[in-house]
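Visitor: So the chains spell out like this:
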Amino acid sequence: MKGLVLGEFEELVMLMCMILKDEAYGINIVEEIRIKMNRKVNLSAVHVTLYRLEDKGLVTSHMGGVTQMRGGRRKRIFELTSTGIEMLKDLQEKRQTILSLIPEFKLS
Amino acid sequence: MNFEKKYSIRLLKLFCPKELQESIIGDLEEQYLISRKTKSKLLANLLLAYNTMRFFRYGIFKRHSVNNQSSNATFNLLWNYMIVFVRSAKRNFTFYSINLTGLVLGLTVVLFALLYIKNETTYDSFHTESDKIYRIAAQRSYGPWFPSIELAEGKKLLTENHTWMAEATFFSRMLERYVTVDGKKFAEPNVLLVESGDKFFEIFDFKIIGGNSKELTKNTNSIVISESLARKYFGFENPVGKSVHFDSINVKISGVFEDLPTNTHVSLDLLLVSNTYFASKASGLFYFRLNGNDTKLVRDAVLGFSDPEKSQLDVDEEESLIDVQIQNIKDIHLGSNLTFELKPGGDKTQLKIFGLVAFVILLISCSNFTNLSNAIFSKRRKEMAVRKVLGSKKSSLTLQFLLESIIMAIIGLVIAYIISFYLLPFFSQFTGIGFTIKHLFDPYLLSISIVLTVITGLLSGLYPSLIMPQIKILSLFKNDFRTQSKINVRKSLVTVQFFLLIGLGSSSFIINQQLTYLTSLDSGLKKEGVVKLKKAWSLQGSETIKSFKNKLLSQSYILNVSQGYVPGDEDYTMSYLPEGFEYPLKDALTNTTDLNYLALLGVEGKHGPFFDEEQHPDVSLLVNETFVKNLGWDDPIGKKINIRPDAPEPRYREVRGVFSDYNFFSFHQQVTPQMIFMRENLQYVNQNILVKINMAHAKESFEWIEKVWDEYQPDIPLNYAFIEDDMQYAYEKDRRTANTSKVLAFLATLLSILGLVGITAFLTTLKTKEIGIRKILGATTGNLLLQFSREYFSLIAIATLSASLLSYTFLNSWLENFAYRININPVIFLFAGFLLAIIAFITVSLEGLKVIRENPTKALRHE
Chain B
42 MKGLVLGEFE ELVMLMCMIL KDEAYGINIV EEIRIKMNRK VNLSAVHVTL YRLEDKGLVT
102 SHMGGVTQMR GGRRKRIFEL TSTGIEMLKD LQEKRQTILS LIPEFKLS
Chain G
294 MNFEKKYSIR LLKLFCPKEL QESIIGDLEE QYLISRKTKS KLLANLLLAY NTMRFFRYGI
354 FKRHSVNNQS SNATFNLLWN YMIVFVRSAK RNFTFYSINL TGLVLGLTVV LFALLYIKNE
414 TTYDSFHTES DKIYRIAAQR SYGPWFPSIE LAEGKKLLTE NHTWMAEATF FSRMLERYVT
474 VDGKKFAEPN VLLVESGDKF FEIFDFKIIG GNSKELTKNT NSIVISESLA RKYFGFENPV
534 GKSVHFDSIN VKISGVFEDL PTNTHVSLDL LLVSNTYFAS KASGLFYFRL NGNDTKLVRD
594 AVLGFSDPEK SQLDVDEEES LIDVQIQNIK DIHLGSNLTF ELKPGGDKTQ LKIFGLVAFV
654 ILLISCSNFT NLSNAIFSKR RKEMAVRKVL GSKKSSLTLQ FLLESIIMAI IGLVIAYIIS
714 FYLLPFFSQF TGIGFTIKHL FDPYLLSISI VLTVITGLLS GLYPSLIMPQ IKILSLFKND
774 FRTQSKINVR KSLVTVQFFL LIGLGSSSFI INQQLTYLTS LDSGLKKEGV VKLKKAWSLQ
834 GSETIKSFKN KLLSQSYILN VSQGYVPGDE DYTMSYLPEG FEYPLKDALT NTTDLNYLAL
894 LGVEGKHGPF FDEEQHPDVS LLVNETFVKN LGWDDPIGKK INIRPDAPEP RYREVRGVFS
954 DYNFFSFHQQ VTPQMIFMRE NLQYVNQNIL VKINMAHAKE SFEWIEKVWD EYQPDIPLNY
1014 AFIEDDMQYA YEKDRRTANT SKVLAFLATL LSILGLVGIT AFLTTLKTKE IGIRKILGAT
1074 TGNLLLQFSR EYFSLIAIAT LSASLLSYTF LNSWLENFAY RININPVIFL FAGFLLAIIA
1134 FITVSLEGLK VIRENPTKAL RHE
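Which chain is which? The protein sequence lines are B and G, in order.
The numbering used here puts the first residue of the first sequence at 42, with every later residue one more than the last.
The numbering used here puts the first residue of the second sequence at 294, with every later residue one more than the last.
Calculated from the structure, these hints are not laboratory results.
The beta carbon of each residue, even a glycine, is placed where N, CA and C say it ideally should be.
Worth double-checking, as some hints may not be accurate.
[Said to hold, decoys possible] Using C-beta positions, here's what the derived DEER-type ranges look like:
| no. | chain 1 | residue 1 | chain 2 | residue 2 | range |
| --- | --- | --- | --- | --- | --- |
| 1 | G | E676 | B | R93 | 31 to 37 Å |
| 2 | B | A86 | G | S521 | 53 to 59 Å |
| 3 | B | I76 | G | F354 | 28 to 34 Å |
| 4 | G | V377 | B | D63 | 46 to 52 Å |
| 5 | B | T122 | G | K1143 | 54 to 60 Å |
| 6 | B | E145 | G | L371 | 57 to 63 Å |
[Said to hold, decoys possible] Within a straight-line C-alpha distance of at most 30 Å, the following computed DSSO-like cross-link-like pairs (lysine-lysine) qualify:
| no. | chain 1 | residue 1 | chain 2 | residue 2 |
| --- | --- | --- | --- | --- |
| 7 | G | K355 | B | K81 |
| 8 | G | K311 | B | K81 |
| 9 | G | K477 | G | K574 |
| 10 | B | K62 | G | K355 |
| 11 | G | K623 | G | K448 |
[As the list claims (entries may be wrong)] Facing chain G, a subset of chain B residues (Cβ under 8 Å, in silico):
| no. | residue |
| --- | --- |
| 12 | Y66 |
| 13 | N83 |
| 14 | H88 |
Could you build the full structure based on these sequences and the hints that come with them?
Guide: Encoded structure:
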């Protein structure tokens, strides 16, 4: 974990993977980001990010089931590894601690 | 439509790693279907194409090497070879750079040779249908062949309707004239002249860059100029339509052509279209495009002009045609060398020698390359051994080595190109051809040199790459893979280099010796201070000429004035029939001049009434001693010579004097027989006005000459030179030979040293252990060095012997070109051999000392 830095977009993609669970594959993540974040991202960017995360050992992938929509092609479903989940949690906690130290953010 | 058939998807498949394709294409299709719901088909397709294109990124490419070893094995292997190559080049930097230097030298020479050969052999082949363009050359009854025909003959050809002639141009040469632009005067030597309506630019494909290309020669009193002339006159303004003053008339610029290419035999800066000027000309050059392929028809038609009954042409009898040649335009440069060619012709023999030498140098650098690559590869035998142990095939080792040599060769070519780029101006100066970068990067030259380089790399790499992998693994780990045969191959390569070094070195020395000898010879003339005002034909009428001469002589530092041909001019012979002979002779040089000629040149009169009497007839004929000797006359005075043997009416001249021999040509030739016609009052100037000046007042003399000239000839540029300088042109070719031989000898020395370094370095690594043992047993450094160099001494002896024999024969035949020559001193060859032995010893010592100086224990642990 030491020395691993997570980019903002990487974090976003990982979060989407967690939400989508078994449906976490390329185009779905793009759509999810569009709906949840109101942000347009390119398919290729998502793909490349996912592969990079896989290299870092934060996500794993397996080939999923066949659907008619995809002309009989399988999806590559991505899923967070325990390291990935750890890292996200760690990141959130630290962020929370920092935020709690800033008076302006103590709203609720 | 099947989604996979879409172009963008097909493209994606080309670059995208296989195991990613399924999910990516699936995603793309899904995305496509989503966008199809809301958007038009076209828009969706465009969107798809865009999204697909976005996959064209590093994050995708790099997956190739990370996840997919099997499908990219070849790529990885090649990449590995490259890395190993770079590492080994870094480790053995000296070796690799020596190897590269040799190759670059060879390739640079080849590049220049190709450049030169290409230029010489493609003369005038760029014209459309150049196979069909011909020139008419004619021989006149007074002897010489000319590239031109009489004006009347040319005009007749143009007006008559000949079936064999498609188009023709008939142009004449102009002497140097002034062009005045806005009050500024420019002397223009390269001027040609045509009549209006001439098809000059339809025969010659010179590129027109300004003006209406169909109407360039339409109007009389107009000119077409070259691009550089336009620059000179008007800078960057458009010159078309402007008026300038040419000689004595106003002319309009009707067009501009690109400066002529280097490979044309025409030299032209300004084409004058003028009917009045043209009408005053006596002869012109006739070029035409042939219809069909029978040049004999043309020859017959032109020869028909010499028949007075058929032609009714008013051509002077003296000038009547004897013979006609129809020359193809492409053969003119190398094949035709007539009197007054447009440009001096090329030399076929020189071209062949150039090509041969370039080939030999390429051969040497190839053999060096082989030698050194071998040495480098054998330093890497452990790498080879490990590769073999790990299961590498023989063929893949061969591939590795071949690849390395080809890469080296290509790097060499790139460097050679860079060097040639910087040396190009010197080469242009050396050859006298204005080569530019355009010639160097000519696609033809580029492709040939690339092919040649790859072949060089292949051939040089072939030997080591085929031999090395054959060696057994165990002997690779050990140190003994010396086989007698390989050493012999290497030795013979080195011997060849020694041979060339000695041959070229001694030849260059002797050639230069001969040239020094030539310049020390006395030609029999007092050339000092003799100036010729060239092509002074424009001075006409005996009164004008006489007053011009007298005006010059009015200053005390002008010692004498005369006129006529002098050494350094083109030769001029005519046929003559001496008394008592049946057939006319042609070998005598003829010259018409005034009475001061011999005195001005310091030639001594031997005997005869011409030298004794004060009064002279209208014409006096003088001959030289050789002339008398050749004819075997005892007393030549008063003998009669018919100077018009071919004409129906003979014309006799009586010999009135004999003058001592002087050398009219270079010392290539013995003194030729010579006839001089002396006339008191010449109506015209025969080629030059000659002025002898007092060299102590050279500056004033030239100022005076220029002043008088401008007074008499304000419209004609003065063109003068010391005859001594002009005569040096006769040795131009020899000087070029000498310079070439110097450069080549230098290159051969360099290449041989490189070769020696290579082979010594190789042998010393092989003999490291031997050296160690010898040192322990008490051998001194000197002993060892001698031991090493000794084997070269026998090679040098063989090379010296064979090289001296060959160069001796070659130099002897070269020296036969000279009537006056030195004797070859055989000691020179011995000296060259001795010098080479010293060079070899030094090179071997420098290379060998590195190993010999080392601690012997280290040497023994070498394996």
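Visitor: Indicate, hint by hint, whether the structure satisfies it.
Guide: Going down the list of hints, with the structure as the test:
no.: 1; hint: E676(G) with R93(B): 31 to 37 Å; verdict: holds (36 Å)
no.: 2; hint: A86(B) with S521(G): 53 to 59 Å; verdict: holds (58 Å)
no.: 3; hint: I76(B) with F354(G): 28 to 34 Å; verdict: holds (31 Å)
no.: 4; hint: V377(G) with D63(B): 46 to 52 Å; verdict: holds (48 Å)
no.: 5; hint: T122(B) with K1143(G): 54 to 60 Å; verdict: holds (58 Å)
no.: 6; hint: E145(B) with L371(G): 57 to 63 Å; verdict: holds (60 Å)
no.: 7; hint: K355(G) with K81(B); verdict: holds (25 Å)
no.: 8; hint: K311(G) with K81(B); verdict: holds (27 Å)
no.: 9; hint: K477(G) with K574(G); verdict: holds (28 Å)
no.: 10; hint: K62(B) with K355(G); verdict: holds (28 Å)
no.: 11; hint: K623(G) with K448(G); verdict: holds (24 Å)
no.: 12; hint: Y66; verdict: holds (7 Å)
no.: 13; hint: N83; verdict: holds (5 Å)
no.: 14; hint: H88; verdict: holds (6 Å)
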